[in-house]
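Order-wise, the sequence lines are chains F and B. Numbering of the first sequence is given in our numbering, commencing with residue 1 and proceeding in unit increments. Numbering of the second sequence is given in our numbering, commencing with residue 260 and proceeding in unit increments.
Because the hints were derived from the structure by calculation, they are not lab data. Be careful, since some hints might not be right.
Listed below are several chain B residues computed to face chain F (Cβ distance under 10 Å; list not exhaustive) [claimed, not checked]: (1) 299; (2) 440; (3) 545; (4) 549.
Where a beta carbon is used, it is the ideal one built from N, C-alpha and C, also for glycine.
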Amino acid sequence: MSTTLAKSDATVDYAARLEHVSKSFSGPGGQQLVLDDISIDVAPGEFVTLLGASGCGKSTLLNLVAGLDRPTAGAITTDGRPALMFQEHALFPWLTAGKNIELALKLRQVPKPERRGKAEELLELVRLKGAYDKRVHELSGGMRQRVAMARALAQESSLLLMDEPFAALDAITRDVLHDELTRIWQETGLSVLFVTHNVREAVRLAQRVILLSSRPGRVAREWTVDIPQPRRIEDAPVAELSLDITEVLRGEIRRHGQH
Amino acid sequence: MASTDTTQSVRSDAGSVEAGLDALESGVVGRTPLRQTLTGKILPPVVAIAVILAVWTLLYPVVDNPTKLPSPAAVGDAFKTAWLRGDLLGYIWTSVSRGLLGFAFAVLIGTPLGLLVARVKFVRAAIGPILSGLQSLPSVAWVPPAVIWLGLNNSMMYAVILLGAVPSIANGLVAGVDQVPPLFLRAGRTLGATGVRGIRYVTLPAALPGYVAGLKQGWAFSWRSLMAAEIIANYPDLGVGLGQLLENARTAADMAMVFEAILLILFVGIAIDLLIFSPLERRVLRNRGLLVKS
Chain F
1 MSTTLAKSDA TVDYAARLEH VSKSFSGPGG QQLVLDDISI DVAPGEFVTL LGASGCGKST
61 LLNLVAGLDR PTAGAITTDG RPALMFQEHA LFPWLTAGKN IELALKLRQV PKPERRGKAE
121 ELLELVRLKG AYDKRVHELS GGMRQRVAMA RALAQESSLL LMDEPFAALD AITRDVLHDE
181 LTRIWQETGL SVLFVTHNVR EAVRLAQRVI LLSSRPGRVA REWTVDIPQP RRIEDAPVAE
241 LSLDITEVLR GEIRRHGQH
Chain B
260 MASTDTTQSV RSDAGSVEAG LDALESGVVG RTPLRQTLTG KILPPVVAIA VILAVWTLLY
320 PVVDNPTKLP SPAAVGDAFK TAWLRGDLLG YIWTSVSRGL LGFAFAVLIG TPLGLLVARV
380 KFVRAAIGPI LSGLQSLPSV AWVPPAVIWL GLNNSMMYAV ILLGAVPSIA NGLVAGVDQV
440 PPLFLRAGRT LGATGVRGIR YVTLPAALPG YVAGLKQGWA FSWRSLMAAE IIANYPDLGV
500 GLGQLLENAR TAADMAMVFE AILLILFVGI AIDLLIFSPL ERRVLRNRGL LVKS
């Protein structure tokens, strides 16, 4: 079975369920297995990070969950169409910041008179009040990602997928955006599936960290993060857990050099 | 929650750091001062024209043959006479109205054609190469067959304009669509812009810079094609446009009038570009932050 079902029953106890998901691409050397038998449940309101080195198929997995691609085997169930944020802001440069958000609302059939107000609200949520009329190129990298976040939130999906959204930002901006994301997650009760290769980022943000092995991507290990929010990336417990996870991640990577 | 106090302090801290970062990283964009516009944009072409006039004035006595090189004053007189007779604007309007109407038709045909070539693989494989090849075919080549098919009339001139401009417009749109970053399409799809809505809200606006470049070139081709057609389709009932003016001047061996006609053709071409297409292009590029200030 290889179907992506949209579930309508809101009482189910997960925001996304991946059951035995595999994905292969046809490459030069025949079929290449990228994801192998992955099963993950994301609970409503849960923050999960997917961690892995290059070649673990993190982005492929997010594409599957987002419905941009279909799994070769297994099933993915989500509550409606998830929102997706990319490493690049992917804002449309022909629209202002506000109009980018309004386009998301318009595509959801939100009536015109309500759009402006909602867009302003969302901009205020990401602390960009007054940026409505700004062009994308007039905003800094951090501001662009916050507008992208507001646009993703405009989809009012219960699940937010994030594909290394802060990887291209400088350290200070990334820190601030971690605080923002935590705040917004707590305020909105969203479920978040966050992909990264940055161990500390994973630990800083998540309730649960899932480590994927590489080539093919499999669930290697899973950690529950009990450190209370707000956390900082420099906090001792964050650093400690990061060290443990990094050790396991290094072991995973090392296996690939032993041929 | 037990840690409300710390949550609050982290919150306001993040907010103020963020506000500081936003202020630091947003550039200040000012307007170019008038003086700089004058010395940078207006002065150079004025100097160029003055130099050309000076060379012309010096050359005139050297050539010493008004049937080959008229004096600047004689050409000025030709303009003046046409103006005083009230014909000058008529010549211009005859050609410009034909050119713009033909161009409008070319847009109506070239746009869907370009979209078809860009989006349908079979159509692209079938006529894509022909369409780009047609761009290098001088549009004068279409005048003889158009005269045979349609006769010496206005339809023939519109046909020549279409054959000249449609490939440019269609190709511009194809290039524009090809250059749309795949990321925009993916982002659009996750927002729900699929199928026709994807074309309407993502592909077309993203392809606009290429399309506008195609329109600009399409106008240049329209204008050239029209002049070629007017020179050949010189028939009094069709009205006197700039091409006919040039041809009439040649048959009358009136070199001052030939210069007048050529200068008018040049000026109208430049004026339409400066008044319509360049501002349109600049606007599209500036909105996207693609216009680099030099």
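Which hint numbers does the structure go against, in order from smallest to largest?
When the structure is compared with the hints, only number 1 turns out to be violated.
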